[in-house]
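> Given next are the chains, with one letter for each unit.
6 protein chains.
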Amino acid sequence: MNTKPTLSELFERRLTYPDFEPQARLARLVGLDDQKSRLAKILGLLVNPGGLTDWAQRHHPGAQALLDTILRRPPLVVLAGDVGSGKTELAETIGDAVARQEKIDITLLPLSLSTRGQGRVGEMTQLLSAAFDYTVIEATKLKPASGKARGAVILLVDEADALAQSREAAQMHHEDRAGVNAFIRGIDRIANAKLPAAVLMCTNRLSALDPAVRRRAADVLSFARPGEEQRRYVLSSSLEPIGLGRHHIDALVATTGPHRGVRDYGFTFSDLTQRLLPAIVLDAYPSRAVDGARAVEIARSIIPTPPFRDGEKPA
Amino acid sequence: MNTKPTLSELFERRLTYPDFEPQARLARLVGLDDQKSRLAKILGLLVNPGGLTDWAQRHHPGAQALLDTILRRPPLVVLAGDVGSGKTELAETIGDAVARQEKIDITLLPLSLSTRGQGRVGEMTQLLSAAFDYTVIEATKLKPASGKARGAVILLVDEADALAQSREAAQMHHEDRAGVNAFIRGIDRIANAKLPAAVLMCTNRLSALDPAVRRRAADVLSFARPGEEQRRYVLSSSLEPIGLGRHHIDALVATTGPHRGVRDYGFTFSDLTQRLLPAIVLDAYPSRAVDGARAVEIARSIIPTPPFRDGEKPA
Amino acid sequence: MNTKPTLSELFERRLTYPDFEPQARLARLVGLDDQKSRLAKILGLLVNPGGLTDWAQRHHPGAQALLDTILRRPPLVVLAGDVGSGKTELAETIGDAVARQEKIDITLLPLSLSTRGQGRVGEMTQLLSAAFDYTVIEATKLKPASGKARGAVILLVDEADALAQSREAAQMHHEDRAGVNAFIRGIDRIANAKLPAAVLMCTNRLSALDPAVRRRAADVLSFARPGEEQRRYVLSSSLEPIGLGRHHIDALVATTGPHRGVRDYGFTFSDLTQRLLPAIVLDAYPSRAVDGARAVEIARSIIPTPPFRDGEKPA
Amino acid sequence: MNTKPTLSELFERRLTYPDFEPQARLARLVGLDDQKSRLAKILGLLVNPGGLTDWAQRHHPGAQALLDTILRRPPLVVLAGDVGSGKTELAETIGDAVARQEKIDITLLPLSLSTRGQGRVGEMTQLLSAAFDYTVIEATKLKPASGKARGAVILLVDEADALAQSREAAQMHHEDRAGVNAFIRGIDRIANAKLPAAVLMCTNRLSALDPAVRRRAADVLSFARPGEEQRRYVLSSSLEPIGLGRHHIDALVATTGPHRGVRDYGFTFSDLTQRLLPAIVLDAYPSRAVDGARAVEIARSIIPTPPFRDGEKPA
Amino acid sequence: MNTKPTLSELFERRLTYPDFEPQARLARLVGLDDQKSRLAKILGLLVNPGGLTDWAQRHHPGAQALLDTILRRPPLVVLAGDVGSGKTELAETIGDAVARQEKIDITLLPLSLSTRGQGRVGEMTQLLSAAFDYTVIEATKLKPASGKARGAVILLVDEADALAQSREAAQMHHEDRAGVNAFIRGIDRIANAKLPAAVLMCTNRLSALDPAVRRRAADVLSFARPGEEQRRYVLSSSLEPIGLGRHHIDALVATTGPHRGVRDYGFTFSDLTQRLLPAIVLDAYPSRAVDGARAVEIARSIIPTPPFRDGEKPA
Amino acid sequence: MNTKPTLSELFERRLTYPDFEPQARLARLVGLDDQKSRLAKILGLLVNPGGLTDWAQRHHPGAQALLDTILRRPPLVVLAGDVGSGKTELAETIGDAVARQEKIDITLLPLSLSTRGQGRVGEMTQLLSAAFDYTVIEATKLKPASGKARGAVILLVDEADALAQSREAAQMHHEDRAGVNAFIRGIDRIANAKLPAAVLMCTNRLSALDPAVRRRAADVLSFARPGEEQRRYVLSSSLEPIGLGRHHIDALVATTGPHRGVRDYGFTFSDLTQRLLPAIVLDAYPSRAVDGARAVEIARSIIPTPPFRDGEKPA
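Residue numbers (our numbering), protein chains in the order written: chain A, 1 to 315; chain B, 1 to 315; chain C, 1 to 315; chain D, 1 to 315; chain E, 1 to 315; chain F, 1 to 315.
Check the hints yourself; a few may be wrong.
Which copy? The list can't say, so a pair holds if one copy fits it or any two copies do.
[Said to hold, decoys possible] With a straight-line cut-off of 25 Å between C-alpha atoms, the simulated DMTMM-like cross-links for lysine to aspartate or glutamate are: (1) Lys148 <-> Glu138; (2) Lys103 <-> Asp283; (3) Lys194 <-> Asp283; (4) Lys41 <-> Asp291; (5) Lys194 <-> Glu92; (6) Lys194 <-> Asp54.
Quick caveat, the hints were computed from the structure, so don't treat them as lab data. These figures come from a predicted structure and were not determined experimentally.
My request is simple: use the sequences and hints to build the entire structure.
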């Protein structure tokens, strides 16, 4: 493989914020206010590090050393949590909030699955290096001589554990190790050049990430399954418009939660939106209207996705 | 391997619906009404997404967001269950029901076993990509400028776990991982082009499927061993015509079920049709007629296929 | 390896039935009447499928659907059982019974051990394909335009588990997987062409066979260690001619059986004929005649071959 | 790979002491006085072995044999301890103390991550050999004909376990073993030439180091998590300047320590500086000033990095 | 590797019987009378199969079928037992007894360790095939047109488990499997040509032998550690000539046996002759004569070789 | 790799005895008198086998058979024991004792670590063969036509387990197996040519040595950690000259031993000389004299090297 990989090989697509669709999706992400806020602030500081200095001068004059600690953190955030907990959704939409907040354009580059390559020696390393090359080029254009950046780039690595697996695992292949090193070098390139770019990694196996990668994370945001309130929000916002009553919504919220002695986990966000809601609709389609009692019955027949077995609880 | 694989290398055969033979086979599939109905609806909506909108306008005007969730699901359905539980039979015949229901022609392309290749690096990826290429070409011809498709294509992947094995397994080979990625890209190509095509995967090892593949499934249909009623249907429809009486049929139905304290599972559909019925006939052949008491005796001597050991119960 | 493998590389030898030697050996196989009968019938129907129709018209007119089920079964029979239980002996001699019963010539092609190859990539696949090519060519010559075949071919795969190992085993090598696929394709070629040919697989590790191979088996015949009556037959037919009395034969039969609390298995057929009988003779040779009491003593000193550890009891 | 690797491939960067920045960082390393002192003395003797002789003549005339034992120790020191315990920080800054103490210039060469190579056979060996070549060349220039060296070189190997993994591990790859041997030869080259150079290895998996490497270590310095006093120093030096009072600092010190029955470990240095302090600041930013009570609340919500599982407690 | 391996690569040396040295060594092998007798008879019949017919005509006229069973057994004998139990010694010397008994010359070819090759693909297969080629050529020269052979060849495979490891072991390498097949083909070539040649395999891991190899063994001779009588023979024949008295010999015999509650095994033959006797002599050398009490003391300080862990007790 | 490896690639260095430095080091090895004596005698007999005959004629005329057993033992001695127990030190210095005792010159060739090669196929085999070639050439020059040798060669293999690992380990690589075979052939070459050469292997993992290698060892000498007396010797000989009193030496001896309930092992020789003594000196350097009470305090803070985990206790 001597030819440079093309853009479409490297990235699944290219998104630009602000835009209406991600704004709407971000708004629908309930119960993740803390993660939203932390992520938006970290990304905002990459674009506009001067903001923190302004704040310190206002509130804490003379705290420069403390600020340096924060501004020196590598531009990497890990989003860790169960399948269907909303981490990918947040990663794909947070750019909109930052773009609006900082009043700039932000570009999202989601690393393509094919960047994992096909197992040829050196291939993953080359693909990753090319992806970071592209990210650096884009971000460099947006970096001002001084002051606030004209825009920012977010490199999104979903299902990151496959890419940056822990070197603790004895079976780790040299090819994978080389990929981890390429990844670390990429992060360091962005950090050293102080570019307006960030890397977001999503994983449901936090403990499988290489420690050298985790150590470089400025923050690790954790995502859990939706609680009662979040389930109610998702279900009622979809089902009330088609006429389900409070009583049935209540029953659905209860049914989709954990059940003591049966299972200690409830439905994931995905279980609710990708499995339960379609099943309720398709059961009625094409001949009947959706019926509340029948909807609850369907919810009872669905077993939620079991949690991914991972040895570690993220912070 | 520089030459493109031929059609006969990629697919075991090519079936077109409607046709009498699959219609008859589908009719013989007893006790799977729920799976039939769900699968037919999902496939029908791929051909004719307008159907759902019509239904919503009739029953639930203003539920467009909910409908979008359903119509945006990837065109992949997983059929999971024990060996001999009828999942492959349903996958091979459901096209007939959809063809009749939507009044169009449907083509079934069963992925050949040889698509797993012979272990050469890059081979499985190339074969899978070629299979999806072909599927996309066929489906593109059937896609209308607007409205209902002129036909549809179903790509069938039987014994899918061998192809799309979980990346959780540490031993997973790069070649296999590349195959999984090629598969995911194929699904995404069909979805993005909104083609009238669907992928059906049959597996008896749901937990062995790659999570990234499972997550893309619009639905996971589960198949169990036949219950008492289903066993009775299969046995009586074959054995009453050759003269077995109610008493012996009853005994056969009981014998082929689970036996408390001995085994907690009964005969599979395959055990009934591929093992028990031939054994009854061959025992009599060539010198005697089939005898009911002897048939029961033969059933008692057959040990049903043990369930495949898999760590997970599908929903 | 570009050259086609030669016949002598593919098959250990080539046997033709009817012949006196296999007739005698088949007659000596005691206690396997059920297996003999089932195997002869299945093979007979491959040669002469019309026989079953004739039988049905005589006894069960109108049972064509049931007959189709039987005639559509793939031409593969698995013989499963412990080392020394007679399965290979039956596989090597049953052809004689079928040849006499159907009054045709039958050819046995025992797959050579070397067909497993030497581990070169693609080698096992190529060797297996060549073996099936040869089988198909031979059987095609014997297939009539209509009616009963002029002869039949039996492809024998002894120690089949080494060739068609279960894909469940995570360690399975790509080379082996390719061999399994080549094997399945071979079976399907014979079935699709409705040739007068069958494949017999012998294995002492039923559970190690690939499920996709097992599922294609028309029947799985199981073989156990000889019971008391069978041991008596083997021992008395060899030792009475040289003068051992009833009393000592009784003692030998008891000694070679299971012993409660000591071991739950007795001698295999091979333990009796390959180990015990030679030991009795060689002990006397060259200076003394065989003595009954001493023969019993020798039997007591031999520990029977322990059963092969396999997780599954064949039906 | 026939071309010699370049300097920038081998080393992450090149630092020279004395310098202000490492001096400040070294001063901030609280609670590591013993490790500082031992490391500075060992490095000092490599530059100026005559110092020990002078000391012995002053205090212990006639103890030359004992001195020889010390001066003959290989120029390798292992810094072992938990993630975030300050070992890398000490390794990167101790050169400043030695440079000032001995009044010479000291160069630090941190081995680049890429020196682990990309898995090509022989690659790691070649890269390591090149790194030692460079170290030897630099140190040779600094070696005087007699007496005290004109300067010194420190080769720093961070995350050393990945490079010099124990040969006890059965799975160890030949490539890795070759790397270990190259490493040992490098140490021996420096020792045999009595050059003013030392190798510092940092690891959080002491037991994973190859025994042949450990045996060559002149000293193994161990690093633990910060105790109460060290946590107080870190927290108060950052938070007092922005106005937090004694009461809140006390609460933070307690919160970040071990909690009996909950966890037997407290925050690492990194947990304090890279996670807690930024979280406190970003929580307030951009709209509020940092608040003590809220800071304690944030500290409670952070779970400290779990200790690396390693079978051995370093001395 | 295109060149044929040379004789000295294939065999460690070439021995011819009868000869004085092996005669003396065979005579020194105490307590192995049964194994000696069985092995000599089996080898004798390979040279002179007519002997068995003569015997039968004398004692059991009409037992030809039984004799055929014996004469058809493959020319392979397995010698199985613990390290130091005398199996290799017997294999290297039994040829002398057979040569004298049958009044012919016998050649022993001990397979060289290097025949295991260096791991190149196809190498072990080629080396084994060459070794069997040579054996077949030599034996063919000795085969008469009819009647008794003019001589015989024994191919000795010591430490056979390394060569013919069980295919049950999942980890078995293709290269090894190919070696097993080459070995089986070699045995079959000798058997089919009815040559005056035999293969002796020595192993201390009977269960590690490939079942397909074991099944071909005409006999499996088992070897145990020396009992009290055998230890006394070995010790007294060496130590009485240098003056040790009955009392000390008794003590040595007891000391070198099993000790209840301490260890359930005594000294091996090798422990006695290779370790204990030299230790007694060297302790006295060069200044003192051997002393009985000191000899017992030395025996007490030696821990016998622990038995090889193997899951199976040979018959 | 077609070029022959050079001497400096094969051996770390080349030592000749007698010499003052090894004489002094050997004298310092306390508590190993038994090992010294046994090793010197075995090596002495290789140089001068006539010595044993002279002794026997003097003390035990007519014991030639017993002497042959001893003189036929292969020229291999294994030195087995814990890290830091003095086995390598003895192996590197015993040549001096033998040289003085036999009044000849002895050459020590320590096999270089690099002889393990870099993992290229065939490399270790070639390097080992070259090392034995060189040893044989040197020793051949020293072999007299008759009588006592003019000198001797000792080939030292330290950390031998890495080279001659047990073939019992299923994971053993072909490359390693080939290395073991090359090693065995080397030993046999020296033995067959009756050269004045010996091979010494040091290992801390006796059970990891290939059984075929161990079986060839004339003797296995075991080494333990220093006892109280040995620790006292080491400590007082270093610390009394610099003024430590009896009281403090006593305390140091006790501190460095095992502590019931805490650990069942004390300091190794290396722990004493390479860690404790330097720590005591460096603690005082450069400003104070060594102080006894402080020395004891330092000893308490050092955790002795834990014993290497190995499944077997050498005899």
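> Please sort Lys194 with Asp283 into within, between, both or neither, judging by C-alpha distance up to 25 Å.
between (54 Å within a copy, 23 Å between copies)
> Is the C-alpha distance from Lys194 to Glu92 at most 25 Å within one copy, between copies, in both cases, or in neither?
For Lys194 and Glu92, the Cα distance is within 25 Å both inside one copy (23 Å) and across copies (22 Å).
> Within a copy, between copies, both or neither: which one fits Lys194 and Asp54 at a CA-CA cutoff of 25 Å?
Within one copy only: 19 Å inside a chain, 50 Å across chains, cut-off 25 Å.
> Please work out whether the CA atoms of Lys41 and Asp291 approach to 25 Å or closer within one copy, between two copies, in both situations, or in neither?
between (44 Å within a copy, 18 Å between copies)
> Give the relationship of Lys103 and Asp283 under a CA distance limit of 25 Å: within one copy only, between copies only, both, or neither.
Result: close only across copies, 21 Å inter versus 45 Å intra.
> First find the shortest C-alpha distance between Lys148 and Glu138 inside one copy, then the shortest across copies, and answer within, between, both or neither for a cut-off of 25 Å.
within (16 Å within a copy, 42 Å between copies)
When the structure is compared with the earlier hints, no violation turns up for any of them.
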